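Could you build all of it, start to finish, from the sequences and the hints given here?
Protein sequences appear in the order of chains S and Z.
Under full-length UniProt numbering, think of the first position of the first sequence as 1, with each following residue one higher.
Under full-length UniProt numbering, think of the first position of the second sequence as 1, with each following residue one higher.
Treat each hint with caution, since some may be false.
[To be verified] Listed next, the in silico BS3-like pairs over lysine-lysine satisfying Cα-Cα at most 30 Å (straight line):
no., chain 1, residue 1, chain 2, residue 2
1, Z, Lys323, Z, Lys19
2, S, Lys34, Z, Lys19
3, Z, Lys49, Z, Lys160
4, S, Lys34, S, Lys60
5, Z, Lys391, Z, Lys19
6, Z, Lys49, Z, Lys19
7, Z, Lys19, S, Lys56
8, Z, Lys312, Z, Lys391
9, Z, Lys160, S, Lys60
FYI, nobody ran anything at the bench for these hints, they're computed from the structure.
Note that the structure is a prediction, hence the values are computed from the model and not measured.
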Amino acid sequence: MNNLTVHPLIALLLFPGGLFLLGGGLFYEWIDRKLVARFQNRLGPRWFQPLADLVKLLAKEEITPQGVNRALFFMLPVIALASALTSALYVPIAGFVSANSFRGDLIVTLYLLSVLTLCLGLAGANTMNRFALIGATRTLTQLFSYEAPFLLALLGPAIVTKSWQIMTINYYAQQHLWMAITQPIGFVVALVGLMGKLELPPFDAPEAETEIVAGAMTEYSGRGLALFHLGKNVELLIGLTMVAAFYLGGLANPLEFLAKTLGLLVLLTVLQSLFARLRIDQTVGLWWRAGALLALLQLVVVFLLR
Amino acid sequence: METQRKFIVPIGPQHPALKEPGHFQFTVDGEIVTDASVRLGYVHRGIEKGAESRNWTQNLYLFERICGICSHVHATALAIGVERLAGVQAPPRAQAIRILMAELERIHSHLLWLGVAAHEGGFDTLFMYSWRDREIVMDLLESLSGNRVNYSVNLIGGVKFDVEDKHRDAILRGLDTLEERTRHYLNVVTTDRTFLARTRGVGTMSREQAELFGTVGPTARASGVARDVRVDAPYEAYTQFPVNLVTDERGDLMARFVVRTKELFESYRLIREILDHLPAGELTVRVPRKIPAGETVSRVEAPRGELFYFIKSNGGEKPERIKVRTPSLCNWASVMQVAVGHKLADMPMILSGIDPCFSCNDRMVLIDRGSSAQVWSWDELRRYGIEYYKKL
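Here it is in structure tokens:
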């Protein structure tokens, strides 16, 4: 038990939840954008660009299109961001003890992380826009394809640890050999699953701009768009934290947290710039033919060797 | 009732996938496209009409502005036609410089297309790299002519500038880099698995279809149709510097990538040959200000295919009529046919597969539905043609 603890109120508002998470999300978005740009031989944005985008979007007029359920239209981005922020309470952000931890919080966290995608799907289906409708269909189709393999990939470490509590798995990982080495398939599936979850290239069919403009988010402007983007950034940070805590030997202190999550992020950016966009049917095919089966295989191996 | 239940995805006139305005309607069933239609004409500029109020020299500048990508080839088509009417021929050195520029322009156009098509498929890395390398040839074009887009190479009766030794060295150096990069791109478009998943077997057009729809240029050649004005009817210096035709039998998007990439190699080879055997001599000949009355057809191979000019002079300082038919217009029909049955996600790539150019093919068409109109069947038209020529 070598992790540090913080006061609950601080945990909620400043660290690890709240402000730190928002700042961290923006920072990771910048790293992501900058690295992809460098890999593509571009200059990339300056460090404050994600924050500048956020401020600009928040200052813009928000247009509510005709024919939408106004309450839903208004609430969905808020719920998406809130659930992403809430899930941070159960993961060892920056290597500190998670603010709230109970048995089975792994499942709760995974579902909280999926709420963002569900909100996106609903947001697209809520509007009359045809691009948004197709985007919503694709978002939800993609949700059904990566979610199960991603879940299975994160269950592998849980089964080895014999606990469904994220902090317990984190401690276990710290004391044992990296699970990325003992469960390599699970690691790959979890990492690629995270890319599917965040709709990063090549899994960006739900928001493929050359086909369906911005997908489910087409009708969002100003505040709603800003909150959705922020939610995704936060989810990127949390997703990386979870994969690092499970597969890269746990997160014991801030330094380890930075090194491991940033290392994963570099891997993600390399993958992002390597491939052409997959069609939605190719995404589904890939996940169910390869991803799910591989994750199951990994799970079977874990069961047998336990 | 059935028509109301159709789900139509409109692409354009304003859409991130389109760099120029055009309107496409894809009727989809889920992700599958069941019907496609196109509407053009958003960027009609009245250039053909404008030509009638400008003199021949002014028109050279006007027609160069039809297309921002293949500007040189438009001016060349006009210059060749007008020279033919005037009964003069550009000096050999000028002819060689014209096709040298045309090939440099083809390189820049094909590299630009490679980037755009990759971007439509969500492969932004290839997009960024190919456009970075395109800058090499853009710099070469700029160092030769002083301009990046409208090079203004042609005069009626010759060219404006000479290719000197320093240009020659710069071009050869640039070509070496480009050739190495192109080899890499050919490797990428033929071996990258995610990219092949988006291009192989997508948008396949058989040889019969390609001929039926009247496709031209690389689009036709990717379906195995051996059609290239540079080979079929060599103009200017292409008679001394023959072009090897690049064709591919597969007819899908991958074939279009392969054909265009291989054409780059052909252009590199041609440019090197031209630079090695650049004829000496004058750059211009004198052309009268008034062009003798008559009409002519001028055909050249633009990067996108056959470019057709009909030029009619009434013996004055200004043309009576100039009709331009650009290659994109010939290729549109194929897109609308091929699109049906594919996934919506493939549409941007199939669209960009013909390397479309919108503003150059927008025309004003007036359909007179008055009683004087006559509708002829194909047989009647054929009979009329036979009798017309018998009378001559």
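Consistency of the hints with the structure:
no.: 1; hint: Z:Lys323 with Z:Lys19; in the structure: holds (25 Å)
no.: 2; hint: S:Lys34 with Z:Lys19; in the structure: holds (26 Å)
no.: 3; hint: Z:Lys49 with Z:Lys160; in the structure: holds (27 Å)
no.: 4; hint: S:Lys34 with S:Lys60; in the structure: holds (25 Å)
no.: 5; hint: Z:Lys391 with Z:Lys19; in the structure: violated (50 Å)
no.: 6; hint: Z:Lys49 with Z:Lys19; in the structure: holds (25 Å)
no.: 7; hint: Z:Lys19 with S:Lys56; in the structure: holds (26 Å)
no.: 8; hint: Z:Lys312 with Z:Lys391; in the structure: holds (23 Å)
no.: 9; hint: Z:Lys160 with S:Lys60; in the structure: violated (52 Å)
Hint compliance for this structure: hints 5, 9 are broken, all remaining hints hold.
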